[in-house]
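Enquirer: Here's the letter readout for the chains.
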Amino acid sequence: MGKSSKKNKVILAPPLPPEVDDEDIIVSDEDVDFVEENREHVHLITGLNRKALDKVVTRVPDHDEDKVELLYEERERKRRAALALKPKDDDDLEVDPVDALPVKTLQGELLYRTAKRARSEDKAKGAESKSDDKDADAKQSSQKECKGRSNKKEDSKLQNVQRPLEIPKEKLHSVVLEEVKEELSADELFEKKKAQLAELGMAMLEDPESNIRSLNDLLIICNDTDQRVVKLAIMSLLAVFRDIIPSYRIRQLTEKELAVEVSKEVKKTRYYEYTLIRSYKAYLQKLISLEKQPYFYLVAVRCLCSLLDAAPHFNHRESLLASVVKNLSSSNDVARKLCSEAIRSLFRNEGKHRGEATVEAVRLISASVKLNDCQLHPDVIEVCLSLKFDEDLGKDESKEEKLKPKKNKRYQNRDVTKPSEKKKIKKELLSKARQEVHADLRAVSFTLDPKEKKMIQRETLAALFETYFRILKHSMNTSNSRYKATSVFPGGSHPLLAPCLEGLGKFSHLIDLDFMSELIACLKKLSGYTDHQGEIPPDNTLSVSERLQCCIVAFKVWRSNLEALNVDLQDFFVQFYNLILEYRPDRDRGEVLADALKTLLWEGKQQDMLRAAAFIKRLATFALSFGSAEAIAALITLKHLLQKNTKCRNMLENDAGGGSLSSLVAKYDPEAKDPYLSGALATVLWELSLLQKHYDETVSGMASNILSMANLNATQNPVQLSSSNPLEAYKDLSMGRELSKPTHKVSQTLKSKRKRRSKEFVALSPDVLEKADCTVGEDELREKLQNHFVVLRGISENERLRTELNHALSSINMYKEYNKQKKESKKSKKKVAKA
Amino acid sequence: MAKKLGKKARKFAHKHLQGGAKRSRKLRSQFNRRTRKDGKGREDDNRLDGDGGSEETRRNDPTMNMNDDVATLANCLEFPEDENELDGDLSDSDGYLSEDLECVYYSDSDDDNVMKECIVQDDLDEQNNEMRLAVKKQKKKLKKLLDKDPKFANFLEKWQLELVNYESKEDSDEQDEMDSVDNGVNSGDKDPPSDKILTSKTISEWCQLVLDEPKAPALRNLLNAFRDACQFGLNSNSLSMQRLQSTEVFYQIISFVLSKADNIFRALLEISDDDKGKLMNQRNGKKWQDIEPLIKSYLRNSLDLISQLTDNQILTYVLTRLRTSAVYFSAYPSTSRRLLKILIRLWASGDQNLSLSSFLMIREVVSLLPDCLDFCLTKTYNAYLSSSKIVDNRNIENIDFILNCLVELYSLDIQKAGERAVISVGQLSAILRQASKTKGKEDLLKIDNWQYINCINLWVRFICVNYKDCHNLHLLFSSVVQIIRGVAHLLPGMRYLPLRLKLAHMLNELSNCSQMFFPVPSLIFGSLEFREIPPKEQTEKGKTHFSSLLKVPRNMLKSRDFQEQCVLSAIEVLSAHFFQWSYHVSFPEVATIPLILLKRLQEQTTIESLRRPLKRMIDQVSENRDFVQRKREVVSFSPNDASSVESFLQEEEMNGDASFTQFYASVAKSRQSRGRKLV
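Respectively, the protein sequence lines represent chains A and B. Heads up: the first sequence begins at 1 in UniProt numbering, then just goes up one per residue. Heads up: the second sequence begins at 1 in UniProt numbering, then just goes up one per residue.
Simulated from the structure, these hints should not be mistaken for laboratory data. Cβ coordinates follow ideal geometry from the N, Cα and C atoms, glycine included. It is possible that some hints are incorrect.
[Claimed, not checked] Covered by chain A, per the in silico footprint, the following chain B stretches (three or more residues, Cβ under 8 Å):
1) 124-138
2) 425-438
3) 479-487
4) 579-589
5) 635-642
[Said to hold, decoys possible] A few chain A residues that face chain B, going by a derived Cβ cut-off under 7 Å, partial list only:
6) 429
7) 522
8) 693
9) 707
10) 801
[What the hints assert, rightly or not] In silico DSSO-like pairs for lysine-lysine, Cα to Cα no more than 27 Å straight-line:
11) 823(A) with 148(B)
12) 136(B) with 816(A)
13) 823(A) with 615(B)
14) 822(A) with 615(B)
15) 148(B) with 667(A)
16) 139(B) with 820(A)
17) 631(B) with 693(A)
18) 827(A) with 151(B)
19) 599(B) with 823(A)
20) 439(B) with 337(A)
21) 268(A) with 256(A)
22) 829(A) with 158(B)
23) 826(A) with 143(B)
24) 816(A) with 148(B)
Using the sequences and the hints given, assemble the complete structure.
Expert: Laid out in structure tokens, this is it:
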């Protein structure tokens with residue numbers, strides 16, 4: 001670049017007028033006027049600016065604005081064909097303006113391109129001069145693109161410099177440049193391009209309005225052959241766009257608006273906006289196409305996510321969203337994480353885009369789930385957990401609707417009573433105007449009125465639940481083993497089910513009552529409940545965690561709808577009772593189990609006594625076989641049940657004779673499938689006595705605490721050890737948490753109670769020690785010792801001989817040396833003699 | 001052949017007989033840092049036993065621990081060793097005792113055929129013969145040259161003189177680095193003993209003299225002979241080479257001195273066996289003063305002998321003999337240190353008998369010399385860690401043995417051991433936390449590692465042994481339990497089943513000693529799950545026992561063999577757990593969930609060979625459950641009556657004749673035999 005500009009400078013030097021120096025320093029308004037008058041000087045100005053690239057950064061903003069104006073005016077003048085210096089040039093170019101296009105899309109190296117670009121620019125200018133009328137409107141046409149680009153080039157100083165008067169000379173130039181370019185190493189080129197990117201980017205950030213056309217330059221660099229350059233280019237564009245994208249959406253101008261004459265200022269702004277949108281679109285397309293290449297994949301995804309995060313309100317959001325949502329299920333962990341984070345932030349910061357993007361995103365997710373038959377990565381659904389809805393969304397809807405007609409009626413009545421037609425018209429006009437103003441205001445200020453907001457949220461919710469229900473249905477239909485092997489995503493054959501259930505649990509209060517019974521039935525089936533007792537459906541491929549989640553969701557739905565639902569959840573209890581036994585610490589998620597304990601048992605109100613007793617017994621047994629975290633969750637639940645169901649406290653005591661409470665089943669059956677038939681009331685909670693010996697103090701303390709209830713009245717409760725619920729207690733004791741706790745220093749010294757006599761063995765068994773006294777037979781010993789001796793002697797002998805041998809050898813070698821010396825001494829003697 | 005090489009011999013063999021020596025060195029030179037080495041030898045050493053050689057540098061620089069994961073783990077677990085040591089006790093005097101001239105040297109003609117007597121047994125002799133020929137040839141050549149040019153003789157002489165000067169300079173440099181013991185050989189021989197050849201007759205005569213009268217002056221001569229025998233081969237120019245000519249003499253001296261010296265000394269000191277206190281008191285007495293040089297000579301030379309010998313059996317023999325004299329070592333702390341170093345090396349060498357005898361010796365020395373305990377604890381601990389780097393079917397028993405020895409040593413002084421235990425457990429815990437925080441592969445590899453597991457095992461065993469005697473072990477106890485649970489938590493999945501089984505065993509042990517309840521079954525429920533076996537069974541059966549694995553290789557994961565071992569090991573662990581609580585009032589509940597799983601597995605399994613053990617287990621557990629249930633139906637106390645719960649079925653437990661007790665015994669037995677079969 002540097003070389004070329006130097007060369008150009010050499011060429012241009014002679015025709016330079018003397019004013020050049022002045023322009024370089026400070027440009028006052030008078031100067032501008034002056035320049036306007038002398039058109040040719042404009043080129044010189046720009047040319048000089050190009051040379052002094054460093055000064056670009058320090059330029060004063062109004063200067064740039066002036067320059068833009070200058071350019072506009074320059075164009076005007078061109079149209080008038082007032083060019084004095086190069087009329088031929090223009091004519092030539094006018095002949096085939098189409099040629100300009102292929103030149104621009106060339107992907108040759110930069111130097112080469114600049115040479116050609118300079119030419120194309122001229123051509124474009126010619127074209128532009130012809131089609132200037134069309135320029136006024138903002139329609140997108142290829143010609144316009146040409147113009148845009150050429151304009152930009154005019155602004156960017158490089159190209160203007162290359163405005164040689166004779167074409168042949170220029171051609172010569174390009175040949176020379178090509179040669180030079182070939183000599184340049186790839187690294188130098190890379191460095192240069194990097195510098196160019198930096199310059200362009202800085203200029204853009206410095207003053208976007210006047211440098212808006214640099215966007216095109218950057219976009220062209222995106223087509224570079226060097227992948228590193230492309231990467232850098234799209235990154236710089238990202239930074240630029242993030243910075244210059246306005247906080248409003250740019251609207252397409254209507255025909256009417258286009259027809260109206262506008263001031264220069266407006267025109268300028270329109271041009272700016274138009275260029276911005278066009279390049280933004282081109283950039284997005286570039287990103288989406290790059291995304292398909294593995295080398296650029298991560299960069300492209302990162303750019304897309306970053307753009308979505310920065311400008312969810314801006315034009316072309318649709319393609320941006322579609323691409324990001326598509327990548328939510330990417331197999332690349334990093335990309336997936338980026339995308340899900342972008343979508344989450346989209347959901348969280350609805351203020352940025354008035355919730356419209358949320359609806360679109362959820363709809364896209366829904367479509368993608370449908371398209372892929374629910375075989376996607378769980379992250380796709382998990383992001384929906386970040387959605388936020390107003391609490392009263394689901395419920396007040398009907399009430400409001402009821403209210404509205406009333407109001408309307410009142411209004412109508414009032415209208416009827418209005419006497420004056422004129423007034424009415426006037427009022428209508430007024431209200432219309434007011435509405436318009438309001439609409440405008442809203443459009444600007446981004447605030448939604450509650451009604452609109454509600455509508456958007458409702459749509460979001462509908463799309464969300466559609467997705468959820470689709471997943472549930474899918475899980476039900478394919479619970480036979482068809483999908484077992486094909487799944488590539490974590491979470492078994494139903495990767496989406498777990499986050500879907502979680503989501504249903506979270507948004508349970510928003511579910512429409514009409515769906516409720518169906519949903520519950522669906523959950524019941526999914527939880528693995530069958531009407532045939534004592535038979536585990538073998539084909540149920542849902543994991544224990546998922547089945548537990550089904551139970552949890554069912555209860556949450558039921559409870560969040562004020563428990564008014566006429567749904568029998570008994571079956572879920574039965575299912576849960578059995579699922580407790582199916583739990584495996586490492587396979588299943590302990591949190592889910594603890595959550596289930598909390599939701600089903602701990603939070604519930606008074607339980608049926610038989611059922612409570614059955615659960616109490618089972619939980620106690622459960623606590624004996626599983627880790628301390630599970631045990632404490634079970635014990636807390638157990639205690640809670642004992643507190644609520646005072647009659648069950650009899651289980652704490654060994655009442656000889658079966659106790660006062662006789663149940664249907666006299667003997668306890670630990671393996672019963674139905675809590676009502678287990679006969680738990682007839683048993684005693686012996687487990688607690690063993691749990692008192694539990695190594696974990698929390699568990700043993702809790703067991704003792706529960707046992708102390710036996711001595712209390714039915715109304716009394718023992719001292720509360722902790723108020724946490726099963727889930728919290730579980731998390732608190734779980735291994736991950738425990739390991740993150742700081743270590744307490746074990747600094748105390750150990751003291752032995754008694755001094756052990758040194759003869760005593762503690763760890764070694766006596767039969768091992770017996771072996772110690774085995775002695776070697778005398779003959780064997782003799783032989784081995786003698787062998788040892790022989791070897792030692794052999795070695796010594798060997799060593800001795802070796803030194804001897806070496807000595808002899810070296811002595812012989814010395815003979816040669818000796819001879820040499822002898823000869824030398826002879827020679828020297830001879831020399832001496834000769835001398 | 002290479003196995004029989006001594007210290008000096010090793011160096012030699014390494015220089016000239018490539019290959020053979022390497023094997024033996026790899027086995028045991030790890031801890032023998034004190035061998036004399038020239039520069040090249042040291043370099044080679046580092047290359048040979050990579051972890052041994054760079055040990056020091058790594059220890060000094062803890063940041064350098066990315067060399068290789070296993071070695072680094074050892075490094076972070078090891079205790080820092082103090083390499084400085086003094087060995088001044090015994091070596092301040094010269095090697096020889098002044099001899100009484102009355103003792104006659106006999107010469108007997110039998111020994112003339114010494115050279116022929118030795119058996120041509122290895123390539124060394126062949127090589128020697130070849131070399132002899134070569135020497136002859138070269139000398140002839142040289143002679144010819146000398147004859148041809150008499151002036152050359154002068155030249156040669158001059159050159160040789162130079163060479164000698166140069167060499168002696170180098171030698172003296174080297175001398176400084178050498179063991180002070182070796183210095184005694186060349187320097188300071190104020191009273192060089194006669195260089196008469198020791199004959200078989202002389203020795204037997206002397207022996208007779210000494211046996212008749214312990215105070216006889218022949219003892220000195222005999223001990224000098226012993227010295228020569230022990231130093232034989234250490235230095236090719238030394239007197240001992242000349243004095244000892246026959247294998248018979250060598251054997252005679254060594255066997256006699258080793259077997260009789262202790263008794264003789266005791267007789268001289270007039271103390272009876274096993275009366276250590278008396279010996280200690282006598283330390284300053286006149287008798288001790290008189291006899292001290294003799295003992296000193298004896299001990300020092302035995303030490304040399306031990307460090308020279310390479311045959312495990314002889315070593316065992318020597319150590320057994322020497323053990324009776326261990327008490328004398330207590331008079332020389334720094335020599336004891338040297339002895340301990342050698343002993344620890346032998347202890348970790350892998351030979352069961354040698355290990356045992358060296359351990360007993362270590363224990364003896366350490367209990368007599370408490371000052372050495374710290375040194376010994378560090379050394380043995382580090383030796384244990386480095387020998388437990390790799391565990392396979394062959395060394396698994398040995399590692400267990402070493403572990404037990406270590407626990408013995410650590411139990412000698414609970415307070416000192418406790419400090420170390422706290423440090424070591426702290427390190428284990430820190431590694432675990434780091435891994436839990438990052439979940440990085442490298443960090444996890446530090447846990448999924450024999451050294452780590454063996455280290456936990458050590459402290460588990462230590463706690464178990466000392467739990468009853470020590471009242472404030474519980475903090476250490478809970479840290480260890482946390483580590484065990486943490487490891488199980490961080491390494492989930494079927495592949496780590498062998499590791500889990502080990503952890504479960506540890507928990508069972510801890511539970512046994514502390515009488516606390518541990519929910520052991522939760523660790524091994526995974527192995528009781530029914531898994532389908534692919535119809536086409538791999539033909540090659542990986543016959544690796546779980547005990548020598550931490551992680552099951554992937555290809556084995558679906559094999560029938562794996563399933564079998566899974567279930568059988570699970571039964572072992574469960575039965576150990578059940579056995580502990582088999583007399584507890586809530587045994588039926590303890591067994592409930594495992595029993596359900598066992599029954600289900602029995603129904604589902606397709607492996608015929610598992611049916612029987614499963615059924616047996618189920619029957620036994622059910623029987624015991626019914627037994628306890630029957631018993632507790634008639635009692636009247638409630639679960640909160642702790643003392644009654646304790647006394648429940650106490651009597652039966654004392655008798656130990658319940659069927660489950662017997663069942664457990666048989667399970668444990670079959671486990672042992674199974675393990676042995678595979679070894």
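Enquirer: Can you name, in rising order, the numbers of the hints this structure does not satisfy?
Expert: 6, 7, 13, 14, 15, 19
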